[in-house]
Amino acid sequence: MQSSSSKLLDKAVEQFASLPGIGRKTALKFVLHLLKKSPEEVNGFVQSIGDLKRNIRECRKCYNITDSDLCEICADPQRDTHTICVVENLKDILSIEATSQFHGLYHVLGGIISPMDGVGPADLHIDSLLQRIEQEDIREIIFALSATIEGDTTGYFIYKKIKDRKNLVISTIAKGISVGNDLEYTDELTLGRSILNRIAFTE
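Note that my numbering has the sequence shown beginning at 1, numbered continuously upward.
Treat the hints as calculated values from the structure; they're not laboratory data.
Heads up, simulated DSBU-like pairs for lysine-lysine below, C-alpha to C-alpha not over 35 Å straight-line:
1) 161 / 61
2) 25 / 37
3) 53 / 37
4) 29 / 7
5) 163 / 91
6) 160 / 91
7) 11 / 25
8) 36 / 53
9) 91 / 61
10) 36 / 7
11) 91 / 53
12) 166 / 91
13) 11 / 53
14) 61 / 166
15) 61 / 163
16) 37 / 91
17) 53 / 25
18) 29 / 91
19) 29 / 11
20) 161 / 91
21) 11 / 36
22) 29 / 53
23) 36 / 91
24) 11 / 91
25) 37 / 11
26) 25 / 36
27) 7 / 37
28) 160 / 61
Turn these sequences into a full structure, and let the hints steer you where they fit.
So, in structure tokens, the structure goes:
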């Protein structure tokens, strides 16, 4: 796409186009849409992004995204505090919550073990998960990781660490999810059924 007669417009388009999945044509539509807005609306948009970057943080317990010390899920007294669903990232929590089929807590690993990408166990929130299992009254761990070699490797690594713990059920979501798929691309019905019909995690 050729540059416009405005360097300011070109710069704004470049910023939007730097977002994942946004091409220059879509970025231009966004910028032109903002130009039609009032200064107050644009300032509100810019301020919300600034506030997000400055104030958002990780939950001290599960590493979910939150505005305060604890995320709303960890702070909710109605949640099942005996069950932890282990996920790769925030998007997986959003996908599972959309099913309304899981009422326990979460633990966000912050990725999965991937030697090809230079990601090892020490780069993930695995030690803090082990501490939660040790210190809290956890009765079930559910692995809700991507159905990939890396996801299976990560689940197995953690499984070996906790398999001998008494009175701890270790399960994984049912394989209604296609092999190789990330949770975020799985429809809510399939994901919900996979959680409800979870199976024992075995070697």
